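Chemist: Here is what each chain is made of, one letter per residue.
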Amino acid sequence: MSDKKVETKEPHKSNTQEPLLEIRGLKKHFDVTEGWFKKKREYLRAVDGIDLKVYPGETLGIVGESGCGKSTTGNLIVRLLEATEGEIIFEGENLTELDGEKLRQKRKDIQMIFQDPFSSLNPRMRVFELIAEPLRTHQTHKGKALSERVYELMDVVGLSAEFAQRFPHEFSGGQRQRIGIARALALNPKLLVCDEPVSALDVSIQSQILNLLKRLQEQFNLTLVFIAHGLPAVKHISDRIAVMYLGKVVELTTREKLFANPMHPYTEGLLTAVPVPDPEVRDTRERVVLKGDIPSPVNPPSGCSFHTRCPFADEKCKQDTPAFEELKPDHFVACHYPLEGGKGTIQRS
Amino acid sequence: MSQQVTPEPIPEPPVEPTPESKRRLKKSSPITRWAKLLLKSKTGTVGLFIVLVVFIVGIFADQLAPFGVNEQNYANMLAPPSWAEGGTSEHFLGTDNLGRDILSRIIYGTTISLLVGIFSVVVAGVLGMAAGLFSGYYGGWLDTITMRLVDAFLSIPNILFILVILSVLNPGILTLIFAIGVTNWVIYARLIRGEVLSVKEREYVKAAKSIGTKNMTIIRRHILPNVFSTFIVISTLSVATTIILEASLSFLGMGVQPPDVSWGYMLADGRDYLATNWWLATFPGLAITITVLGIIFLGDWLRDVLDPRSQGR
Amino acid sequence: MKDENQLLNVSNLQTHFFTENGTVPSVDGVSFQVNKGELVAIVGESGSGKSVTSLSIMGLVEDPGKIVGGDIMFEDKNLATYTNKQMRKIRGNDIAMIFQEPLTSLNPVFTIGNQLREAILQHQNVDKATAKKMSIDMLTQVGIPRADKVYNSFPHSLSGGMRQRVMIAMSLSCNPKLLIADEPTTALDVTIQAQILELMKDLVKKMDTAIILITHDLGVVAELVDRVIVMYAGQVVEQSDVFTLFKDPKHPYTKGLLDSTPKIQDLNEELISIKGTVPTPANMPEGCRFHPRCPHAMDHCISHEPQLETMENGREVRCWLFDEEVMEHERQKSGNEGTPQK
Ligand SMILES: Nc1ncnc2c1ncn2[C@@H]1O[C@H](COP(=O)(O)OP(=O)(O)O)[C@@H](O)[C@H]1O
Ligand SMILES: Nc1ncnc2c1ncn2[C@@H]1O[C@H](COP(=O)(O)OP(=O)(O)O)[C@@H](O)[C@H]1O
Ligand code: SF4
Ligand code: SF4
Ligand SMILES: [Mg+2]
Ligand SMILES: [Mg+2]
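Chains as they are written, first to last, in the numbering used here: chain A, 1 to 349; chain B, 1 to 313; chain C, 1 to 342.
Because the hints were derived from the structure by calculation, they are not lab data. Just so you know, these numbers come straight off a predicted model, no measurement behind them. Take the hints with a grain of salt, since some may be wrong.
Only pairs whose alpha carbons sit at most 30 Å apart, straight line, appear in this in silico DSS-like list of lysine-lysine [claimed, not checked]:
(1) B/Lys206 - A/Lys27
(2) A/Lys142 - B/Lys206
(3) C/Lys201 - C/Lys149
(4) B/Lys214 - A/Lys190
(5) C/Lys149 - A/Lys291
Excised from the complex, chain A in its bound form:
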């Protein structure tokens, strides 16, 4: 039943290595002005200035509630959306400046796995065609080599060859996600952006896909950006985790540090909101239940944008935007009163 023991990775060498991907001051504002004659334009700040580095071979997890801008970030990286501002540097080249044939070529190196295994596969194409599509698009394989490659990919993701002539609707969610992964791997990408690849799956199936992704990462030396809305899904696969809130990264550190010592109150809230599968502790366990909903990104709150829900917010939080700083080695936080250390320190069990 158990698939495999998870390896604990060596800590990455963030300071010595060149990043494969670097995001600088990235912003995406959607124009959501209603009506034609409004003088003042209204913008939805889906991504509002984020900086991230992703090193070769590592997995960067991105988490946050829905609507915080994770998919937008992913779509910006694979250039499905045009950035409003900022740079996306991949192997020293600024992706936001590429277009036409150059962009098409670059796309081979950066592939995406989508959230919804039901809508991300064309229902009218057979598995073979779906997996062959990227190969045909870039004309990397032809004829016999093409079908050999397709069957090889099917094997790699654990789909037996006899499924080749089937349509997506004949598969369960987990197996469709395997098809999506095979497609993404077809062109031997260097970077794989996974946008909530397991969110739509049953918990009992999720680990199948997570284990598969981990294995493929080792096998093909992939770098992953792994997006999820909850911490459990990124827990295993990530080396470092970025927590996003309202279009900004509020905490960024290694997964060990994040789980052992979350410094941003929002991260703490996300952590303790996860139900614990043990009825014995349900009345005793400490948890921070965040009140309210994520505010509208059209009019984000002043100061620290989390202050409307933060249990430690005070006047200063309402007025001053906290800087995103490295408070401990390799631990970046944007909070005036980080947990442990600042005045907001709470007692934890």
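Could you slot chains B and C with the ligands onto chain A? The hints should help.
Modeler: Relative to chain A, chains B and C with the ligands alone:
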């Protein structure tokens, strides 16, 4: 990332193919599949049968018709059908006010009704499909212009527009096809565009973009097949309305010109005699109804065939 | 056998769908009981028949589905025999239901207040003004800030969590004896899920409503309920009180579900999954329906279907591992080969 990990064998044997799917794998030739689906659907079979018969009649009209199209039988004007009271055995469906054999005229009319019905739908469909696909997919100024044009077309009553074209150009079958086609494309354009707008937001289109697929390929492989069922629905209904539209144009004297004859023309012609000599209008009317039903049945089946979910049934 | 305390007794329920491709036995002989004021969870992977079970109780199974066998005793009424008209009196009054996607269960063209008030007016004998007051009270009780403002707003202007609160308010507005919640938090973020679970806990303390909570997440189960019913492929495979179940799961499927539930506190736990997928009714395995995925499957399991057997403390399990005779036989057969434990 220096750790050595032996790639573990595939963690899970995927679900066993069902016996049914194995069977399908063996002989998945499209023709047998189509035939099977056809036999399963009763209405589809009926539709195909009707359409085939109509086509054969249309093609072999000369051979099939017992009389010439304008051959008059002065002795037997307004004769009732042979099987009705007072009918003559020569004329199975009776004769009209000029003594022409109605059966023969319906047979001859088939050719023209079909030509007009099908080709004007092809013209409208091709124009409208292209407009809908490109304006929906690319958006921007192309979309704005196309949609304003559509609005303009829609704000003028259809028949008025056709009448203008027909009165400027020489009336005749080609003009008729052109006029109807050029007016009806807007229906396709609008509906297809709406469909494209929703299909292009689906994730698999994003997925195709993210692997670097060219726009034209995306339109051809991902958008077109998924709006095709809408296209078929509009088209089958369109053939029907076109045949009827042709009837009203012929009635106004702008459609088919004698000596040619079409069902619509006959229908219009026989209208005055409805109360006294019912067979003049009834039989062409029946021909229209049966054909239209046949086309709609066939269209329904075609939509099923094109839906991959219908496989394995 | 009838218990004073018993509110609902489903026995041998069978709900089938008569589709073009054949009969789909989505619920195939399901039996369970719910006592007054009790919190019961039905868990299982998607496609195991949880929703169809609850829709059957509500009399909301749609064509081509039909209850083809079994009884649904609610107090002393057999709902399985009720007509649609009779069920309408039960729904809302005695049994209420909330769904996974609250937006689709609210009418987009009426305000929240309008819908809430109508629900109250339909089931209770009060005038409009009182109904409005009750509605706003209800909204406040389910933790909606500025309830009088929300009363006048339309469903689309609320967030998912808020809508689910409204649904809860609506379903509780008539003090039903039983509330069926079908994956009420699955579409929500964990943070909002935590809020809704807190709310349900509070409400349960205040009201005397029994709840059937349907979910695929054992974490949610552990937070809330008293008793758990595990479903697989249209059948109940295990039934137990929540503490025993988590401490000592018997059925291999239950174990699989528990093992694959992430434990956030444990950073280096193994990533465990149940191999394979839920079988579709078209290729339902012979014998034990779980056997192609079961790590303990024996020869006997492949050809013989186990029954739901009662064990100590009233817990029930459907698995050959707990049948002495079969196990004795297996032990003899396999000789000194490692036998499946437990
Ligand atoms: N094309 C778009 N137009 C306008 N707003 C958008 C668009 N795409 C996303 N948004 C908005 O941007 C915000 C972030 O969205 P998204 O990146 O999808 O969040 P996540 O993936 O974290 O759930 C949301 O408020 C969403 O409504
Ligand atoms: N309308 C329907 N027609 C045919 N089969 C159905 C229908 N609704 C549900 N089913 C089948 O019933 C089974 C159980 O479904 P459901 O109760 O929704 O599962 P769950 O709620 O546990 O995820 C599934 O196999 C599903 O395919
Ligand atoms: S800055 Fe203030 S409001 Fe923001 S997270 Fe820190 S303590 Fe909370
Ligand atoms: S009966 Fe056999 S196959 Fe089924 S759960 Fe028990 S051990 Fe596994
Ligand atoms: Mg998203
Ligand atoms: Mg369900």
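Chemist: Indicate, hint by hint, whether the structure satisfies it.
Modeler: Hints versus structure:
no.: 1; hint: B/Lys206 - A/Lys27; verdict: holds, 20 Å
no.: 2; hint: A/Lys142 - B/Lys206; verdict: holds, 24 Å
no.: 3; hint: C/Lys201 - C/Lys149; verdict: holds, 26 Å
no.: 4; hint: B/Lys214 - A/Lys190; verdict: holds, 21 Å
no.: 5; hint: C/Lys149 - A/Lys291; verdict: holds, 19 Å
Comparing the model with each earlier hint shows no violations; every hint is respected.
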